[in-house]
Amino acid sequence: MFRFKILTKDKRSKARLGILKTPHGIIHTPNLAIVATKGSIRGLSFEQARKFGAEIFMVNTFHFFRQERYKIVQKFGGLHKFLNINYPLMTDSGGFQIFSLGFGMEHKVGKVADIFPEEKQINADRAVEQSTLSDPKPNFVLVRSYTQTKNGQNRKGNKSEQSMLSPKKSVNNKNLVKVYDDGVEFIDPYNGQKLFLSPEISIKVQKILGADIIFAFDECTSPLSTYEYTKKALKRTHQWAIKCLDEFSTTKKQVLFGIVQGGEYEDLRKESAKFVNSLPFFGFGIGGSLGKSKKDIIKVLNWTLPYLYENKPRHLLGIGEIDDIFNAIEQGIDLFDCVIPTRWARHGTGFSFQGRINLKSSKYLTDRKPIDLKCQCQICQKYPRSYICHLLREKEIYGIMLLTEHNVFWILNLFKQIRKSIKENNFKKFKNLIINKWY
RNA sequence: CCAGGGGUGGCAGAGUGGUCAAUUGCACCUGGCUGUAAACCAGGCGCCCUUGUGGCUGCGCAGGUUCGAAUCCUGCCCCCUGGA
52 MFRFKILTKD KRSKARLGIL KTPHGIIHTP NLAIVATKGS IRGLSFEQAR
102 KFGAEIFMVN TFHFFRQERY KIVQKFGGLH KFLNINYPLM TDSGGFQIFS
152 LGFGMEHKVG KVADIFPEEK QINADRAVEQ STLSDPKPNF VLVRSYTQTK
202 NGQNRKGNKS EQSMLSPKKS VNNKNLVKVY DDGVEFIDPY NGQKLFLSPE
252 ISIKVQKILG ADIIFAFDEC TSPLSTYEYT KKALKRTHQW AIKCLDEFST
302 TKKQVLFGIV QGGEYEDLRK ESAKFVNSLP FFGFGIGGSL GKSKKDIIKV
352 LNWTLPYLYE NKPRHLLGIG EIDDIFNAIE QGIDLFDCVI PTRWARHGTG
402 FSFQGRINLK SSKYLTDRKP IDLKCQCQIC QKYPRSYICH LLREKEIYGI
452 MLLTEHNVFW ILNLFKQIRK SIKENNFKKF KNLIINKWY
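Residue 52 is where the first sequence starts when you use the working numbering, and the numbers rise one by one after that.
Read the hints as simulated data drawn from the structure, not as lab findings.
Ideal Cβ placement from N, Cα and C applies to all residues, glycine included.
Possibly wrong hints are sitting among the right ones.
[Said to hold, decoys possible] Cβ-Cβ distance ranges computed for the label pairs, FRET-style:
no., residue 1, residue 2, range
1, N476, S96, 32 to 38 Å
2, T302, V390, 26 to 32 Å
3, K420, K122, 31 to 37 Å
4, G161, D297, 28 to 34 Å
5, Y278, Q429, 33 to 39 Å
6, K304, G161, 21 to 27 Å
7, D297, N362, 23 to 29 Å
8, K433, V390, 23 to 29 Å
9, I448, F127, 39 to 45 Å
10, K350, I293, 23 to 29 Å
11, E445, N476, 44 to 50 Å
12, N409, P331, 31 to 37 Å
[Said to hold, decoys possible] Once the Cα atoms are required to be at most 27 Å apart in a straight line, the calculated DSS-like pairs of lysine-lysine come out as:
no., residue 1, residue 2
13, K303, K350
14, K56, K325
15, K126, K304
16, K467, K60
17, K446, K471
18, K325, K65
19, K414, K56
20, K62, K350
Go ahead and model the full structure; you've got the sequences and the hints to work with.
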């Protein structure tokens with residue numbers, strides 16, 4: 052029921068064109084999974100996305116694990132029935148949530164840290180030291196609260212302390228995550244409840260959710276994590292990979308992807324790639340920190356991908372800026388998932404082949420042009436920037452819906468063109484054409 | 001006419017002798033967002049410049065008290081509420 056086949060390889064790069072068959076449909080690669088974390092694409096229906104060419108969607112295990120929501124899904128017979136869709140689905144393991152609640156907040160960084168001031172490094176190291184206690188005891192990834200204010204000074208009130216936290220609902224201004232060798236204990240950011248997630252639990256839940264593709268439970272490190280900590284986390288992730296496989300016990304309905312970690316460190320990435328490659332995963336996810344700059348992403352992929360079986364699919368977790376997509380495909384990535392198309396839309400940023408545009412800017416209030424002059428989406432056919440801008444500025448939810456529709460259409464269309472370019476052996480040329488306009 | 005309350009930066013609304021160029025919210029401007037704690041977050045938002053523990057102007061208007069006033073006093077103008 053599952054099959055991955057490479058159809059064409061680009062002659063001038065490692066880009067490849069493939070087909071991934073799942074019980075719920077075919078995915079043409081390279082492709083982007085549209086993110087539907089909590090079971091919906093924010094601001095867009097699955098049907099709409101499907102019409103634009105979306106072939107697979109990504110739901111998150113953590114959000115169905117908390118509050119035991121997966122038990123409700125179970126009663127419906129799985130995510131496909133619960134969401135009432137018959138399209139290919141993947142579920143992320145919840146590992147990334149541990150990161151974004153832990154190091155992500157502590158280091159105030161994402162998967163790629165663009166800036167790297169000394170002060171930040173010192174703070175990061177201090178935090179990491181806390182987290183590298185000997186293993187039998189829990190590792191305190193972080194137990195620290197933010198008290199910095201707008202001006203970098205402390206003020207009388209505590210309102211400003213609150214402003215450092217995003218979003219506002221934190222648990223007593225603290226984020227608490229403890230990583231044990233057998234799993235992770237952490238506080239549910241939505242309600243402060245203590246939760247425990249492990250490779251076994253994650254896979255159990257993912258089996259219940261029943262997505263076509265599921266991911267191993269991993270520990271994600273940050274771009275500011277030291278070599279020592281990254282290595283430690285890597286060992287743990289590898290142990291967890293084995294546990295995930297044990298728990299998974301292949302079915303015909305699902306396949307499991309193993310995740311390569313190792314941060315920005317060459318030997319760790321290679322070690323991880325070799326290790327994960329030695330296990331019977333259907334495909335691979337490339338996860339974790341991808342370095343301190345966009346160039347590092349390429350390096351990491353360059354270290355990793357050569358060690359992975361060529362005929363297995365590779366998914367680059369969470370990446371999705373336009374240049375990164377091209378660079379990753381060029382290195383041999385087949386699948387992506389990213390919140391950017393939908394999140395940027397909610398934040399007022401629209402994709403165009405001229406680059407991204409901030410549609411909230413007042414200069415668009417009188418602009419009669421479509422968001423993207425060449426876009427074939429319904430929004431660009433029907434509405435000028437002016438209308439979208441007006442709706443966004445008035446905080447009308449419809450503005451967000453329109454822009455989300457455009458962005459999702461646009462990015463999926465880009466992937467279509469990328470596939471076409473690989474097929475026609477034009478990938479590099481197409482890449483340069485787009486990147487030069489964007490950056 | 002009498003009694004009471006009030007006039008603060010684009011708006012709303014704090015502050016009632018120095019720590020006030022003035023809390024906060026909205027609006028506005030600029031950035032950021034990469035396996036979604038995100039329809040979010042950060043910064044700016046009187047004028048000037050050599051961009052600084054800098055200069056100037058400033059809390060209805062005009063005076064005054066004081067080392068020092070958005071804050072106290074006097075007069076004037078305006079607004080709101082109740083009563084004739």
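Against the structure, the hints come out as follows:
1. N476 - S96: 32 to 38 Å: holds, 36 Å
2. T302 - V390: 26 to 32 Å: Roughly 29 Å apart at Cβ, these two residues keep to the hinted range, so it holds.
3. K420 - K122: 31 to 37 Å: This hint is violated: roughly 50 Å between Cβ atoms.
4. G161 - D297: 28 to 34 Å: holds, 32 Å
5. Y278 - Q429: 33 to 39 Å: violated, 50 Å
6. K304 - G161: 21 to 27 Å: Since K304 and G161 have Cβ atoms about 33 Å apart, the given range 21 to 27 Å is violated.
7. D297 - N362: 23 to 29 Å: Distance hint for D297, N362 holds at roughly 24 Å.
8. K433 - V390: 23 to 29 Å: For V390 against K433, whose Cβ atoms are near 26 Å apart, the range 23 to 29 Å holds.
9. I448 - F127: 39 to 45 Å: violated, 27 Å
10. K350 - I293: 23 to 29 Å: holds, 28 Å
11. E445 - N476: 44 to 50 Å: Check passed, 47 Å falls within 44 to 50 Å.
12. N409 - P331: 31 to 37 Å: violated, 47 Å
13. K303 - K350: At roughly 35 Å apart (the allowed maximum being 27 Å), K350 and K303 break the hint.
14. K56 - K325: holds, 22 Å
15. K126 - K304: Holds - the C-alpha atoms of K304 and K126 are around 18 Å apart, at most 27 Å.
16. K467 - K60: holds, 16 Å
17. K446 - K471: Violated. K446 to K471 sits at ~38 Å, over the 27 Å cutoff.
18. K325 - K65: Given that 27 Å is the threshold and the Cα spacing comes to 19 Å, the pair holds.
19. K414 - K56: violated, 48 Å
20. K62 - K350: holds, 20 Å
When the structure is compared with the earlier hints, violations turn up for hints 3, 5, 6, 9, 12, 13, 17, 19 and for no others.
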